[in-house]
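Novice: Sequence:
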Amino acid sequence: MRHRGRHRRRRRGRVLRATLAGAGLALTAAATLISASQATVAHDPGALKPLTSPAALAPLRLREEQVPRASLDRLASAMGRPVGVRAVLDGADRTLRTAASCTAAEKETLPVEPAATRVYCWDRTDPALRGWRPRSVTTSGDADDDGRWGPHRVLLVGGSQGDGPGGPARVAFVNADDPHRLTYTWVLLAVPVDGGRDYEGLASRLTGMVWYQDKLLVTASGPDRAALYVYDLHRIQRAGVTADAVGRVPGGWSAHGYRWVMPAVAAYRPARGACPAAADSDPDSGSGSGSGSASGTPCPAALSLDRGSAPDSLVAGEWVPAGGERHTRLWRYDFSADPARSGLLATDAAGYADAVAAYETKATGVRGVLAPPADGDGWYVGRTAADPADRRGSLWRQDTRGARGARCGGTGDSRHCWGEDPGALSYAPATGEVWSVTERALFAVPLRALTAATG
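Per mature numbering (1 follows the signal peptide of the UniProt record, and there is no 0): the sequence shown = residues -42 to -1, 1 to 413.
Treat the hints as calculated values from the structure; they're not laboratory data. The beta carbon of each residue, even a glycine, is placed where N, CA and C say it ideally should be. Don't take each hint at face value.
[Claimed, not checked] Derived Cβ-Cβ restraints for the label pairs, each shown as a range:
1) S11 / V207: 47 to 53 Å
2) D202 / Y310: 35 to 41 Å
3) A347 / D2: 29 to 35 Å
4) S11 / R359: 20 to 26 Å
5) P269 / R88: 15 to 21 Å
6) R359 / D31: 51 to 57 Å
7) A63 / G231: 39 to 45 Å
8) D306 / D202: 23 to 29 Å
9) P8 / D152: 43 to 49 Å
10) Y310 / D31: 23 to 29 Å
[Stated by the list, open to error] Below, computed lysine to aspartate or glutamate pairings styled on DMTMM-like, alpha-carbon distance capped at 25 Å:
11) K320 / D296
12) K320 / D357
13) K65 / D136
14) K320 / D379
15) K320 / D84
16) K65 / E397
17) K65 / E23
18) K7 / D312
19) K65 / D379
20) K65 / D345
21) K65 / D84
The task is simple: from the sequences and hints, build the whole structure.
Specialist: As structure tokens, then:
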């Protein structure tokens, strides 16, 4: 078994495996569910515009804030010795349904082109699903390029409760060792308070998530939570009291009814202060406004990992409401090469992380962004529909020369071919798959299919 701290570099241009687990899955039913409203053509976002001036890059600067080690140790001392991912997976008590058991309504949310080759739907008897809005996904392929965390293949799916900023944010830890039987359980995301004597739930919308080395980086929004929060996969705590409360309670500790809770170990906040209201608008409500070129301080919303850069980098995109006039920024930060800072961003001596590349796109409603992981040409952008009548989003590949969108429909002129209310994008190099979510399903599409569909 590989040591969890070792992470091999993937060779550039690595040949994708020809055989993908479940690649034979045919979702012809979903491919026929194209409404008449999909005859409209999604707005072409055009070419990416590089942002290189100091004035354009300065708003992207982040300030690192680490939770004191003493606070984390105090919390662990009170709650009991932390556990790792394996202990959580061993306690997985829910089972995802395979495509054959998904309902027609669940399949309707899937992409039409490119079609999903692996599909899973949640346990319909799970009470934790009521009001849950899944938006983000990352895999053990992000954590380590061999696709495993120790002996396990793992998927993490993040979201929050309801439309508002009240949360709580949580993550489904999915054991994906057996592609025919995926099991999962819940982990609540929390923030230590009072010097580690208690914790609060991360009351925020969770729209982006990347698992890199032993850290999980997640987006958070809201008036006092706008940041990238960092969680340590070796610091998962057991919650011995099953109650709706969060934190210290009579008799022990509670995590909103879940058995596991993970306290934040660090956060990255905009160096210039909180994001303005328009940049921090509700991704689910479609609120927010603005016009012209992107300006001001953006809140990272969509996240993904790029292992094709040197060093590995965190890719981020801001939220601009679908159909809005303001342009969207896409950018990246380098990860630290210091072994003592595993999974953290590269910072200067004062603790600031600067964007190493940035672009502006006319695309709006961006929920998923993926830098070119293997083909070396074009950023993949997954968008929600600007018009609710269109239902489905669109998938584009953009570079500095232009944009190419996936097409579908009887006449081939529709670009509304992606999932309904789609979430983040995450590439798993060991299998050559790109994972994403809709509100009702978790699915994978071969990267080569994305490349062909947007070619």
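Novice: Each hint should be assessed against the structure and marked as holding or not.
Specialist: Hint by hint, here is what the structure shows:
A beta carbon spacing of about 52 Å between S11 and V207 agrees with the range 47 to 53 Å that was offered as a hint. Checked against the hint of 35 to 41 Å, the pair D202 and Y310 passes, with Cβ atoms roughly 39 Å apart. For the pair A347 and D2, the beta carbons lie near 19 Å from each other, so the given range of 29 to 35 Å is not met. Between S11 and R359 the CB atoms are about 21 Å apart, so this pair conforms to the stated range of 20 to 26 Å.
The beta-carbon spacing between P269 and R88, approximately 41 Å, falls outside the hinted interval of 15 to 21 Å. At roughly 52 Å, the beta-carbon separation of R359 and D31 lies within the given 51 to 57 Å, and the hint holds. Taken as a hint, the range 39 to 45 Å holds for the pair A63 and G231, whose Cβ atoms sit roughly 43 Å apart. For the pair D306 and D202, the supplied restraint of 23 to 29 Å is violated, since their beta-carbon distance comes to about 43 Å.
In this structure the hint that P8 and D152 lie 43 to 49 Å apart at CB holds, the actual value being about 45 Å. Checked against the given bound of 23 to 29 Å, the beta carbons of Y310 and D31, roughly 27 Å apart, stay inside it. Of the pairs offered as hints, the one joining K320 and D296 is violated, with about 36 Å between alpha carbons and a cut-off of 25 Å exceeded. Only pairs whose Cα atoms come within 25 Å are accepted, and K320 paired with D357 is accepted, the gap being roughly 12 Å.
Restraint check: the Cα-Cα separation between K65 and D136 comes to about 22 Å, which is no more than 25 Å; the hinted pair holds. A distance of roughly 19 Å separates the Cα atoms of K320 and D379; the hinted pair therefore holds under the 25 Å criterion. Restraint check for K320 and D84: not satisfied, since their Cα atoms lie roughly 39 Å apart, outside the 25 Å limit. Taking the CA atoms of K65 and E397, the gap is near 11 Å; set against the 25 Å cutoff, the hint holds.
Among the hinted pairs, K65 with E23 is inconsistent with the structure: their alpha-carbon atoms are about 42 Å apart, more than 25 Å. Of the pairs offered as hints, the one joining K7 and D312 holds, with about 19 Å between alpha carbons and a cut-off of 25 Å not exceeded. Among the hinted pairs, K65 with D379 is consistent with the structure: their alpha-carbon atoms are about 13 Å apart, no more than 25 Å. Only pairs whose Cα atoms come within 25 Å are accepted, and K65 paired with D345 is accepted, the gap being roughly 21 Å.
Using a Cα cut-off of 25 Å, the hinted pair K65 and D84 holds, with the two alpha carbons roughly 19 Å apart.
Checked against the numbered hints given earlier, this structure breaks hints 3, 5, 8, 11, 15 and 17; the rest are met.
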